[in-house]
Amino acid sequence: MSLRSRIATLWKALTRPEEFHREMTEELSFHIEQRAEDLMRGGVLREDALRRARIELGGIPAQTETMRAAWGTRMWDDLYADIRYALRSFARTPGLTAIAVISLALGIGANTVIFGVTKHILLDRLTAYKPEELRLFAWISPKKSAVHSSWGMSTRTPDGKRLSTSFTYPVYQQLRRQNRVFDDVFAFKEFPRLTATIDAQSEAVSAQMVSGNFYRTLGVQPVLGRPILDSDDGASGSGPVAVISDEFWTRRFGRSPGVVGKTIQLNLTPITIIGVNPRGFTGASSTQEAPDVIIPFSMASIATPVWSKKPLLTDPDLWWVPVMGRVKPGVSDEQARAALDVVLNAAVRSTATIGKDETVPSLILQDGSRGENYASVLFSKPAYVLMALAGFVLLLACANLANLLLARASSRQREMSVRLAMGAGRSRILRQMLTESLLLSCAGGLAGLGLGYCGRNMIPHLLSSSWHAFTSDIEFDWKIFGFTAAISILTGLLFGLAPAWHASRTQVSSGLKDNAQSVTQRSRNVTGKTLVVVQVALSMLLLVGAGLFVRTLMNLNGSHLGFRPDGILLFNLQPPRTRYSEPKDLAFYHRVEERLRSVPGVSAVTLSDMTLIANSNSDTDFTPDGLPKKPNEEDQSANVMSVGQDFFSTMGIRILAGRAFNATDTETSPLVAIVNQTLVKEFFPSNINPVGRTFTQDKQHITIVGIAGDAKYSNLHADPPATFYLPYRQQLSGKQSMTYEISTRMKPAAIVPALRSAVASVDKDVPLLDVRTQQEQIDDTTKQQRIFASLTSGFGVLALILACIGIYGIMAYSISRRTNEIGIRMALGAQPGRVQRMVLREAWWMALIGVAAGLGAALAMGRLIASMLYGLKPWDPVTLGVAALLLVAVALAASWVPALRAASVEPMEALRHE
Amino acid sequence: MAQPKQEKQNDVLQGTLDLLILKAVSLGPLHGYGVLLRIQQISGEELVIQQGSLYPALYRLEHQGAIASEWGESENNRKAKYYKLTAAGRQRLQTETEKWNRMSNLIGTILRVTSEEI
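Taken in sequence, the protein lines are chains C and F. Counting from -5, one number per residue, gives the positions in the first sequence under our numbering. Counting from 112, one number per residue, gives the positions in the second sequence under our numbering.
Bear in mind the hints are in silico, worked out from the structure with no lab data behind them. Yeah, the Cβ is synthetic: ideal placement off N, Cα and C, and Gly gets one too.
Pairwise CB distance ranges (calculated):
hint, chain 1, residue 1, chain 2, residue 2, range
1, F, E184, C, A2, 21 to 27 angstroms
2, C, M34, F, R213, 41 to 47 angstroms
3, C, W495, F, T208, 45 to 51 angstroms
4, C, Q501, F, K190, 53 to 59 angstroms
5, F, I218, C, W495, 45 to 51 angstroms
6, F, T208, C, M34, 34 to 40 angstroms
7, C, E59, F, K190, 19 to 25 angstroms
8, F, R213, C, D471, 53 to 59 angstroms
Subject to a maximum C-alpha distance of 25 angstroms in a straight line, what follows is the list of computed PhoX-like cross-link-like pairs (lysine-lysine):
hint, chain 1, residue 1, chain 2, residue 2
9, C, K693, C, K303
10, F, K192, C, K6
11, C, K6, F, K190
12, F, K195, C, K6
One chain only, chain C, in its complex shape:
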C-alpha cells in the first residue's frame, strides 16, 4: 500500500532501535496493566491478575520480536547477522582474507585505471549545453572530387571514398547563412602552436580559432570576463581578443583576476584577454586537451600557415574548417542532412571552379557530442585490447578466489550440516555464503577504487611526451564509480556462486557423518581442479600477451635506424610569419644555424623541416626526367625532406656516391638533391647511374648530386621509404618551422641555456620549442608499445602469482584431505618418492591441460593483435615456448611443498588422524 509509511516505519525500526523497543515495551505494559485491572475488578488478586494478563499476551520479548518483524525488519536483521558472522569468520582466517582482498584490489584497480582512460578517450563528451544535440558536419566523395587541397583529418572509407570534416571558409559561410534545419551552425579550427609573448617572454601556446556564435551555440559562459561574440568576428583583424583556458590562467597568470583586459602578443600581434574559460572546457575539437587561447576567426591572418598562398578566410579551394551545428527539436538527422546537402552543393558550385568529371562532395552528419574525436580513432583499439587483458586478470583473480572459497566451503561442510539440521533453509545458507563473497568483493572493490584513484593518471602520464605534458586529468566521476561497483558485485557473484551452491547442497546426514575419514578423494574436487586449469589457461594467455608486446618493443628498439641518434639534441623554431614572411624566414634559419655553430660544446649543427622518427612525413611526386612514367600513379610518390648542409654528417647517414650538400648550395645556386638507395631502386633501372640526372618538381629541374644510405624516416615500424633530400635554403616558398639537430657531447641541461641565448641573440621573440634528444624523440613514438609492454608484463607477473597461489592452495588442500589415504598407501608399502611423484603428476597434468587450452586462446588472441606487433608473428614460437615452460615450472614448484608434505606422512599418525 503506501510506500511512504512502509519506509518511514522501517527507517524508524532500523535507525532508532532503542526508542522503538522502549515504545513497544511501554505499549505492552500498558496493555497488561489494563487487562490486570479488569481482571481484578472481577475479583482476582493483583498478583494473579498480572500473571494471567502476561500469559494471555504471550510474553513481552516474543511479542516485540514479532511486532518488529511486522515492520519489515526481517531481511535487514538477517543481513546484519550474516555480515557480522562473515566478518567474524574472516577475522579467523586473516591470511585467506588478505589474499582475497589484495588479489581483488589489484584486479579491480587495474580495471578501474584502464576504464578511466577508455572512458576519457571513447565516452567523455564536450563540456557544453546538451552535447548530444551537436552534429559534426562531414563530407564524403569519390577519389576524383572538387576538393584539391585540404588541411585537417581525412580518412578513407572501406570502399575507397574519402571522408573528411574540413570545409572551405566560404562554403562554411554559406552553410551557416542558408541553414534552416539547425539552431545555428558554427566553425572552429585547432592550431597546435602559436607563439605567445607575455611580458617580453615568448612561449608556445595551443590555440583554437572560433566563429562569433561559438560560445552562444555551445551554451558556455566564461568564469571570468566575457565570451567571444559575433561583434568580435567581423572584418579581418576586427577582433584582437582571446579567451584563455583555466589551465593556462593558472600556469601563466597565477589565477590573477586582473588577467582580463591584459594585452599579450600572439605571433607578434597584440591581443587582449577578455575572459577565462571554465575548468574542463576543451573547446569543440577534442575532449582531452583544452586550447590555451581561443580567438575569433577574424584574426585568422596571424595564424595563416606558410604554405597557404591566399588569405584563409577567402580561399575558395582550401578545405580546412570543421563545422558543427545544434539540431532543432523535431528535425530528423536525415531531413537535416538532405537540406544541408543541397546547400553544400550550391555553395561549392558558386565558390569554386569544378573541373569536368569531378564530383562535388556530399554532406553527411556525424555525432558531434565528442568533438572531432581524433583520439578515439587513434586509441580505440589499444584501449579495447587493454580492457580485455585487464578483464582476464580479474577473471583470473575470480577463479583463484572461487578455488580458495571452495576449499573453505568443503572444510565448513560440518557447520553447514549442523545449520541444516537445526532448520536453516537452503536458500538461507546460499544467501549467507553469497553475503560473505560479496563482502569480500566489496572490500576488494573499495581497495581497488583507491588503487585506481592513485593510478588514474599513470597511463596519460605514460602517453605524454617528456617535453610536452599531457594536461588533462582523468576525472573520477559517477561513471567510474558505477563501473567499479558493478565489476565488484559481478566478481563477488562470479567467485561466490560455486562455493555457495556447493555449501547449500550439503546433505544433512552425510555431512554430519562425513569427515576426513573417507578413504579416497579422487572423484571429489573436480570443480577445484577445473578452476586451476582455467587459471593456468588464463595465465598462459596473459603471459603470451606480455611476451609478444615485450618482444615487439625489443624489436623496435633494436631495429636498424640507418642514422645515429646518440648525442643529438633537438629543438624546433617557428618564427612568426608576421615578421618573417617567406623567403625572409630562410635567412633567419640560416643565421641561427651559423650562430649555433659557434656555441662552445656544439660539435655539429644541422636542421630539417621534418623531424626523424616523429610519425610525420611529407611526400610528393617524384618524376625523373627522361624515364617513362610509372603506370600506377601512387607508385610515383616519394618522401621528401629539406635539410641543412651538414645533415648527413651530423646524423651519421652515409653518402654512398656523389657528394653531400655543402656551402655552395645556396638560394641562388643550381637546384640540387640527394636521393636514398631505396629511391634509386624504385625509380631507376639498374643500368642508369642516377647521379647527375635530373627530375622535375614544380616545373623546375633538380639535379641529383649524391646517393645516401637508407635511413628510417617517420617511424620505426616501416622500412626506410624512398626519400629525396633538398637543401632547405633552396625552398624559396618558405618553411613554417624547422627542427635543429645539434650534435654535442654535453648533457642537454648543460648546453640548452647557451643554445637559448644564441637563438635569442638572433631574435628574442622566437622561443625554443620542444627541446628533447633524438633518443627521447624515438622513444616517444614507441610509447604505446612501451605502455603495452609494461602493463602486460605487470598483468603477466600478477597472473603467475595468482596461478601459483591457486595451484598451491588446491594441492595443499587435497593433500590434507587425503592424509588418510596416503597413510594407508604407505602402510601398504608405498615409498615416499612414489607418493611425491603421484602428487606432482597430478599438478603436471593440470598445468599441461591448462597450457594447452591457453595456447589455443593465445593463438586466437594473436590474430586480433597481429597489427600491433613488430618483427614477430603472433604465433612466435619463442614466446609461446617460454610462456608454457614458465607455467609448467611454476605449477611444479607450487606443488613441490605439498608433495613433500605428502611424502613425509607418518602412516601410523595418518591413520589415527581424525
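Starting from the known structure of chain C, fit chain F onto it as the hints suggest.
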C-alpha cells in the same frame, strides 16, 4: 450428550483480524487494549481475540499505512498509544467489507441449497 453448548468463537478466520481492527478504529481512535475490548463488545462477547496476535496485526497495519499511531492519555491518565484510521485505511476497510459481504452471501447461498433446488 444433550444440547451441545454454543461455543465461543475464538479463532478468527485468517485475514479477518485486520478487517476487525480496521472496523474497530474506524469508530474512533483506540489504544491496543481498547481495540480488543471494542471487538469483543461489538460481538456481544461472542468473539475472543487471541491477544498474542493483536499487536503484530496492529504493527503490520501501521507499516502498511492503513492506521496511524499517536501517543496520548488514557481514561485513567496513563500514557497510551492510540491508533486511528488513515484515508488509505478507510479505503481498504470499504473494499474489504464489500469483499467480505460478497463472499459471505455466496457461501450462505451455497450452504442453503437443498437437493430439490439443484
